[in-house]
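A.B. asks: Sequence:
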Amino acid sequence: MNHHKAPLWEALLQHHKNEVDRFHVPGHKGRGFAEIHPDLYTDILKIDQTEVGALDDLHAPDGVIEDAQILAADAFGADHTFFLVGGTTAGNLAAILAVCSSNDIIIVQRNSHQSIYHACLIAEVRMVFLESTVDPETNLEKKLDIQQLEELLNQFPTTKAVVITSPDYYGQIQPVAEFVKCCHRHHIPLLVDEAHGAHLGFHPALPLSALQQGADIVTQSTHKMLCSMTMSSMLHIHTDKIDPVSIQRWLRLIESSSPSYPLMASLDLARRDLVINGPQKMNDILKWLTKFRAQVKQLSTIYEVYQIDQDPFKFTLASIYPVSGYQIANWLEQKGIYTEMADHCHVLFAFGLGTQENALTQLIDTLIDLDREVVNFTHTRLDIKVPLPDKEHGHVVKLQRGSQELLPLDEAEGRVAAELIVPYPPGVPVLVPGEKYTQSLIQYLCAVHQMGGKVRGIVHDHTLKVYVLK
Numbered sequence: 001m002n003h004h005k006a007p008l009w010e011a012l013l014q015h016h017k018n019e020v021d022r023f024h025v026p027g028h029k030g031r032g033f034a035e036i037h038p039d040l041y042t043d044i045l046k047i048d049q050t051e052v053g054a055l056d057d058l059h060a061p062d063g064v065i066e067d068a069q070i071l072a073a074d075a076f077g078a079d080h081t082f083f084l085v086g087g088t089t090a091g092n093l094a095a096i097l098a099v100c101s102s103n104d105i106i107i108v109q110r111n112s113h114q115s116i117y118h119a120c121l122i123a124e125v126r127m128v129f130l131e132s133t134v135d136p137e138t139n140l141e142k143k144l145d146i147q148q149l150e151e152l153l154n155q156f157p158t159t160k161a162v163v164i165t166s167p168d169y170y171g172q173i174q175p176v177a178e179f180v181k182c183c184h185r186h187h188i189p190l191l192v193d194e195a196h197g198a199h200l201g202f203h204p205a206l207p208l209s210a211l212q213q214g215a216d217i218v219t220q221s222t223h224k225m226l227c228s229m230t231m232s233s234m235l236h237i238h239t240d241k242i243d244p245v246s247i248q249r250w251l252r253l254i255e256s257s258s259p260s261y262p263l264m265a266s267l268d269l270a271r272r273d274l275v276i277n278g279p280q281k282m283n284d285i286l287k288w289l290t291k292f293r294a295q296v297k298q299l300s301t302i303y304e305v306y307q308i309d310q311d312p313f314k315f316t317l318a319s320i321y322p323v324s325g326y327q328i329a330n331w332l333e334q335k336g337i338y339t340e341m342a343d344h345c346h347v348l349f350a351f352g353l354g355t356q357e358n359a360l361t362q363l364i365d366t367l368i369d370l371d372r373e374v375v376n377f378t379h380t381r382l383d384i385k386v387p388l389p390d391k392e393h394g395h396v397v398k399l400q401r402g403s404q405e406l407l408p409l410d411e412a413e414g415r416v417a418a419e420l421i422v423p424y425p426p427g428v429p430v431l432v433p434g435e436k437y438t439q440s441l442i443q444y445l446c447a448v449h450q451m452g453g454k455v456r457g458i459v460h461d462h463t464l465k466v467y468v469l470k
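When we follow UniProt numbering, the leftmost residue of the sequence shown carries the number 1, and every step to the right adds one.
Just so you know, the hints here were simulated from the structure itself, not pulled from any lab data.
Where hints are given, some of them may not hold.
Just the calculated beta-carbon pair ranges, DEER-fashion [stated by the list, open to error]:
id, residue 1, residue 2, range
1, I70, Q298, 42 to 50 Å
2, Q14, N330, 45 to 53 Å
3, T361, N103, 55 to 63 Å
4, T239, E10, 29 to 37 Å
5, G354, H379, 31 to 39 Å
6, G53, T239, 33 to 41 Å
7, K297, H379, 20 to 28 Å
Every residue gets a Cβ at the ideal spot worked out from N, C-alpha and C, and that includes glycine.
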């Protein structure tokens, strides 16, 4: 296939060239606000179109959008690819709703993104958790145990699908090929949330992608590590176990009927850039990162937390002193350096295809300053671990809904959660509707708040409050 072409982008440019004026939505008519940074805003409005002329329709594509999706499928090694304008969240919802029905059993990695839980709630499925453990040396999750999955599939032979995340936020890669073999022995599909891994498999120094390892459905946040716009993602199917028509049907229900053409065009361009320029870009960035990591190793008070088989495009920083990741991230922001996320003891940096050598030079200079100054930080890091609910191995969970009431967090012990409780980022729930608040979890949430972390599902009304079932 000719990956130098970007059919949707080219159609938008041609349409703009042919256009005299617009008498259709959107209301800005391609003009925007003259007094507000026209160079930053108005130009993008010129290609902010709707389904007119030869611009095709995302929800029933038979023209340039279909052509762009076919090129993307070829690039990533899929049978079918769908452009997503609702992020990987939309893809996760559609994938699970297409595969499962009410009361089906689905095996889900416990530390999945909240969108997986939202999908399970809407689908009314019963979840069985694949549990992970935390490495005490790094305070990061270890790889999943394939034997645990085998045991769960034997225990629940009617399981409809398995859902895992690889890589995770910190770049931890799961042994996807082993999970594929296990699932296929049991004649069920493996769904992989690869939101942080759209770049994988495009350079020999990087781990293989989930599709290259045989996963059946893969969702990717193209915008996270490649060069498309925020909210733009892709869903890939690489199996005959799942009907793409069903996926398309659910995407029509989930996503906007007015999808963004700039977002879709950015996916088309990101695929083109990845195939044409990606390997060389990655080669350069990996060379720069090798030098950068060597310089970090020379520092004395901060260091990289590195895992085996990690995505090298992720960089996790910690300090030898008991300071929180939130403190370090705030200090860096005062220097104009904005990181991907922080937790109670780490700061995470994401290096995508847009990373430049001079940016890494500036970063190491700033980290050298941090290395000198962190000794003077107030020691606010608390020694906390996520206390997961007490359950037997193989316990079935069905997310519960019902009448709710708002309680102070410190009064919620023993009450059943009505909302997902999600430290964000990374967006991994520590409590799901139907599970009970424990004293240890309440203490953990208070500690996260005290250190400056943000938790979705907690109401800040003079005191911390949460919704529980009546």
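A.B. asks: Tell me, which hint numbers fail for this structure?
C.D. replies: Of the numbered hints, all hold.
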